[in-house]
Every structure is written in structure tokens, then in C-alpha cells.
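**Student:** Next come the chains, spelled out residue by residue.
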Amino acid sequence: MTPRGMLRELLATGPGKAGMGLLVALLALSLYALVAFPLDFGAKRWSNPSVWADNPRSVPPVWTGLLSGGRSMPHTVLETEEPAEVSGATRTYRLRLEFEADVPPTFLTVAVAGVRYHARPPRLEVVVRRPDGTSVVLARPQVPGPRSGEAAPYERFGEGSLRVALTSGERTTTALRELFLDEYAADVPPEDLRDALARAIVSVPEPGAPDGLRLLRGSYDLELRATFDDPRDELGSVRFVAGGSRFGLMGTDSLGRDLAQGLLIGLPIALFIGITASIASTAIGATLGIVSGYMGGKTDLVIQRLADVVANVPLLPLLIFLVFVVGSHLLLIILFLVAFSWPGLTILVRSMVLQLRSGQLVESAVVIGASRWRIMSRHIFPHTAPYVLAQMIFFAPAAILAEAGLSFLGLGDPSVVTWGQILESGFRTGAVFLGWWWWVIPPGVAIVITALTFMLLALGMEPVVNPRLRSGAPAGYRALGAGR
Amino acid sequence: MSFVRPLAVRAVTLIGVLLAVLVLLVVSLGATGFSDRMLRAVVGEEVRGLRTALAETIRDPVELERAVEAQRGELERFYGLDRSWYTRLPDTVLRVITLDLGEARTLKSSSGSRRVSDIILERLPNTALLITTALVITAAIGLVVGSTMAARAGTKLDRALSYFAATSFAIPAWWLGILMILLFAFQLRLLPAGGMYSTPPPEAGLLRFLDLLWHAVLPVFSLVLVTVGPYLYSVRTMTLSVAQEDHVMVARAKGLPEGVVVRRHILRVAAPPIVTGLILGLTSSLGGSILIETVFNWRGMGRLYFDAVAGTPDEAVIVALTFVFTLLYVAARWLLEVLYVLLDPRVRYT
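Each protein sequence line maps, in turn, to chains R and H. Take the first sequence: its position 291, counted from the start at 1, is 307 in my numbering, and no numbers get skipped. Take the second sequence: its position 116, counted from the start at 1, is 596 in my numbering, and no numbers get skipped.
Some hints here could point you the wrong way.
As the list claims (entries may be wrong) - Stretch by stretch, here's where chain R covers chain H in the computed footprint (C-beta under 8 Å, at least three residues):
#1 491-500
#2 563-577
Said to hold, decoys possible - Here are the in silico distance ranges between beta carbons for each label pair:
#3 W79/R to L819/H: 48 to 54 Å
#4 A535/H to G161/R: 23 to 29 Å
#5 R390/R to V740/H: 51 to 57 Å
#6 S63/R to L819/H: 29 to 35 Å
Read the hints as simulated data drawn from the structure, not as lab findings. Note that the Cβ used here is the ideal one computed from N, Cα and C, for glycine as well.
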């Protein structure tokens, strides 16, 4: 059967159509992921906490706000490089936060970058001006002074920035307590305040309200005042971040990582694992099967015994053992998967070749004087091709599930992001037991959809492959068991 | 006895598998330096014990050091640490076979023993319980629904079944377990999220057994849900292909009742591959138990494997467990062969 004929046959079935459609969609998405993200995303960004420092932690996706009602706090990042006001030696950087939500921000931070001074470090002061006209000094971040042996001008926070959390610490607690005492004549106990600082910044005290605080909606001016000693001194940029109560398309994990990015970059990796492992294992399986069946004799015996042994090995325990002892590089994992998954196809192909070998087609090829390799590749292989292809499709989900299982046990390659690893971190940090469904459901759904794509294609291949020849469970069945 | 020979041949092959896996284990341990580290830890442990014992009798610290060093040298020779790993190979293989792997580093059995064999033997029944329960349920559903479906091949229900089988195939049981916990344990608060007994566990007897069943519902349900789809489908396909054979037509033509045709002429013929599928399912859930037991904190061998790999790795336990898993796997395979010989008369005469 020609490849075109097989494709037509495949697309004539319902599962074939669905599988093909899904496959095209997955390939397009992973192509986008490969273009949009750097190749070292896993090592350089995903496992680097400072990249995600500005994100709220363990918050659900933005669209869940539509379902639950109530105005959620949008994640807000405000940044400026120009002072809004200059008076004498003091420059004021001002950013406006419109607060209209039913919940307070999850946190408030300020980050200052690119400080350059000549004599003494600038004195910094963070002030919040509230909609009711009150204001409070929340922090006075310190810029480190000159070190001995260092020459002016002194550069500070050129890379990375001076980050100060405004919603934690004794300083903020005291400042807010004094604000409430002076402006509203309310004495809020510090132990109540300490755990509700983010709420307190955007609230007025009110007895009876939760935490004794009522949210104060309106425009907040967040200011950073910098007083310089030398007019040549500079300050690069000021950034305020108000943590949202929801974030992104898929929410965040407990490190603030954008799960949408992790899910997206996991797709090409899953496809890579599935496709390379299945191509390699079918190539080995088919070649050995053809050689074994056609050559016969000692070659046959050796290959069949080997296949027998490998086919009877428990896959997952051995995979775990090998990855644990040898190492968890992605390519090594694929190699181990391939090493244990070829025998099923070898045994199947051999039985087909035994029938073909005694047929007239091969006989006439031998009479003409074709070489053994030519007969095997040109006259025998094409007859087995549909079965080999079906097995190849069948093995891809097996490899994807096996890798996911390994990752879930904490044996995944740490330099790449896989769905199994996202699930593992979710499980290990207890997301399951806290009900953080956005962390553990989507990666699993992604695994299932990807595996299902190949399963549907395999189902659609059935009319192509003679059902009579499938005796017992399909050869990929065993390998598939490994990841489940 | 005509069926002894094929069984013996398979037994030899499977023993070959066992040996091959053992050699693979020992070689990968040796070549990566793991086995040296393991033995050093054992020697270190014994030397520490000796030092305390010797300190009772030998007062002079220099003398004591010398005596301890002499003992250490003796122990190292005894465990073969002075030789390279490949010369120790037969020794190590023997130690693994007898599960004589010394003591676990941190893991303990519930009775407090740290011997690897104690820990594993204690966990074995728990895993067996989980897997066999799931297997029996899968087999019952698969046989009944599968053979019924074969009679309705081509209907809408049949097509829906093939989609269910494909989906069931594509779902990792462990992730399904997580979903079950989210739904039944936290959303609905109907079933326990993990563990084997409530705290405090009920007194021995019926209550304790019921408590165990109560905790087994979710893990067993997850296992069944992912294995039943493919099994159902393979029973259906197998039955269908036998039903199209000529001898079935002959049986019907003779006027045999449909029940007899299905039982004696279809299911009896399809039995060997159907049993194959079941045992293959058993062997795959043996490996899968590592994941499902981890999710449900079920104190079986699988959870033990996870505990040995995660955190501070317990090499001795990992080696012993890999071996025990292989042993069980091979035993299941041999059981399959026996059943096959019993079920398929053709095997006996070849």
C-alpha cells in the first residue's frame, strides 16, 4: 500500500480524522512554543526563582474570576524611569495604582535598579498616598555605601535590583499601626496587622469587618523619594508590583512560575520524547525482526532469545533503577526506553517475514540474483511497513507516559520542563491537598490529550492493518504499562 | 507428559531473564561506583560497633585505633572492597538473590527492623492486595462487557467503546488518582485521600478489614478505570475475530443453542489470548503500583520504592526492590505460560 493510500484510508475513519486533526494542532502549538521560547528555557528560566519573583504565588488563572464573581485584583506591574517631580535634591518617582477589587493585592513590592552615586548613597523612602488623602512611609531601603578601594562613581544594582517587600516585616507593621492610630484613632493590635499587611495598606480600620479592616477603593499613588547628595547621581528605574489574586491563563505555582509557559514548553518536549523514542524503537525492532526472520539459523536464535529476555523485563522498576544509578538526562531516559521496548515488534515482524520468505515474490528475487540486503529492504520491508507504522504510532504515547511517570517520581531531567515534573512539584508541595487544581489538572490533561492523539491515530490505522494478525495484546501494551 | 517440555523451556528462559536483570543491576551498580559506596557504608557501620566494643577492653587510644584499623582491613577483605567490582560480581549476585543486602539507611519496617528483607516482606502483601483486587474487578468487567460488545460490533455503543478504550489507555493511573483525591477526598469529602488505615486504626477484626477496604476504594478504582478500557477492547476484538471463523458457522449450522456456541466455540477458543491480556495487565500494574501507591500513600512495595528513591536514597532497598519486582514479574509470566498450556491444547503437541 502506498503512503498516500494509507493516509486516505486513515482519514476515512473517525478516530483517524480526530487524531490527525489533534496532531496538526499539537505540532503547530509546539512550533510556536519553540519559536517563542529559548531552547534553554528549562535550565535558565524555569528553574531560576528570580525570574518569577514578581509573580504572585499559587494563584488561580485569571479566567476563574469570571466564574466566581467578585472583582479580582489584577496583577499590576508599574514602572518608570523619569521622576514625576524634582524639588531641590529630592526626586519623586510616582506611579498610580487603581484599586477597585474586592480582594487586596497578594503582596506589594518595590524594586530600584541602576543606582549610580558619587559621594554618599542616595536616601530612599517609599510612600503610599491613599485615596482618602492619608499617606504612610512604608520603607526606607538602604543602598550600600562605597567599599574600601572602590573609586567613584559607585554603581549599584546594575544587574538585578534592590527589591523590598512592602507587605512583610516589623517596619511596615509599625508604620501602618501608627497611621491607623494617628488618622483614624483606631488601635489595631500589631499581631492582627502582621498577617494582613497587604490588606491593611489598602484599607481603613473598621470594627467588625474581617481583620478589623475595610477595603478602601480608589487611586493610590505609590512614590519613591530619592534624595541625592550630588546632582550627577542617577537612578535608573523604579518598579512597583502589586500581586494579583489571579494570574495569567493557567495560574502560578508556589514559586510564582507562570504555569501557562510551563505547559506550553512541555508540549514540544513531550512530542520529542514520544516521536524519537518510537522511531528509534520501531527502527531497531523492525530491522532485527526482518534480519531474524530472513537470515534464520544462529542469527535468528540469538535475536529471538535476546528478544525473549528483554520482553520479560519489568520496565518501570528497571527504568527507575537505571535513571537513578546512571543519571536523568533526557536523552538517556529515551535511550533506556528504546532499549527495553523493541522486542514486541521484532517478534511480530519475524513471524510475518517467515511467511514472506517462502513466497514466490522473494523466490523470484533470489533467482534474479538480488542481494540479501536488497531483498530485505526492497521486497520484504514494504510488506511489513503498515504494521511497523502502526506500532510506531502506538509506541509514542507509551514513551510519553513512561517519561511522565519517571518525572512524577522525581527522576526527570532537571534541565527541561516536562508535564510530569510540574505534576511532581505540585504533588510534593501538597497542591493536591490544598485544592490547587490549576496546578495538577492541566498538566495531566495535556499528557492525556497528547497520548490520546497517537492512540486515535493507531485506532484509525486498524483498517490498514489486518486485524487477523494481531494476536494477544498489541506489542506496545507492555511498554505502555510502564507510565501508568 | 507432553506439556512438561514447553513449560520447562519457558522456565529456563525466565530464569535467564532473572539472571540477565541481576547482572544488569550489579554491573550498573559496580561500574558507577554505587556498590563500593554501599559496601563502605556497611563496613563503616560494623567498624563503629566494633570500636565501642573494643573501647571496653583496650584503654590506650593508639592501641585502640590500631586494633580498629586491623578489623576494618579484615572487613574490607571480607566484603571484597579490596578487589575491583567485577571480581565481586558472583558474590554480589548471590547476596541479592538471598536479599542479604544488610540494613536500610533510613527506612524501617513497622516492627522497627531495618533489615532490607524484613521491610520488603512486610510490604509485599499490601501491594498484592491492591493489585489482585483491581485485577479481579477488571477481569470480571472485561469478560462480561467485552464478549457482549463483540455481539454488537459496529453499533454506536461499540464505537463509543473503542473511544473509551483509547482514552483509558492514554490516562496515567497515577494522575487519575490525583483527580480522584481532588474530587472525592477534598471536594466531596466522601473517601480518604490516602493511607491504608484511619488514625487511630480500628481494633483487629472485621472493622479493621472494612477500614482497609474503605481506604482501598480510590486506588483500586483508579487502577481499574485505566486497565479496564484496553482489556475490554481486546476481549471484544479477540471474541469478534473468533466469531467469524468457519467452525462457529458450522456450530450454528448444526443448530446448537447460541449460549453453547458462545461458551464452547467462541470463548473457549479465544481464551488463551484473553488470559494473556489479563496477565500482561497484571504485570504492567505491578510496575504501575509504584506510581499509584505513591499517590495514595499506600504502604506497599511501590511506595517503598518511591521512599527509597526520593530524599536520601536508600541504595540497598532500591536494588532489592528492583530484584523483587523482576522476580514477581517473571513469576507472573510463568503463570501465564502454565495457563496457556492448560488452555490451548495446540501448545502441548508442538
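**Student:** If you look at each residue in the region 491-500 of chain H, do at least three have a Cβ nearer than 8 Å to any Cβ of chain R?
**Tutor:** holds (count 5)
**Student:** Residue count check for the region 563-577 of chain H against chain R: does it reach three with CB-CB under 8 Å?
**Tutor:** It is violated: at least three residues are needed, and the region 563-577 of chain H offers just 0 whose Cβ sits closer than 8 Å to chain R.
**Student:** Given a hint of 51 to 57 Å, does the C-beta separation of R390/R and V740/H actually sit inside it?
**Tutor:** holds (53 Å)
**Student:** Using the C-beta atoms of W79/R and L819/H, is the stated range 48 to 54 Å upheld?
**Tutor:** Because 53 Å falls inside the window, the suggested range holds.
**Student:** A range of 29 to 35 Å was offered for this pair. Does it hold for the Cβ distance of S63/R and L819/H?
**Tutor:** violated (49 Å)
**Student:** Would you say the C-beta atoms of A535/H and G161/R sit inside 23 to 29 Å of each other?
**Tutor:** At roughly 56 Å between Cβ atoms, G161/R and A535/H fall outside 23 to 29 Å, so the hint is violated.
Checked against the numbered hints listed earlier, the structure breaks hints 2, 4, 6; every other hint is satisfied.
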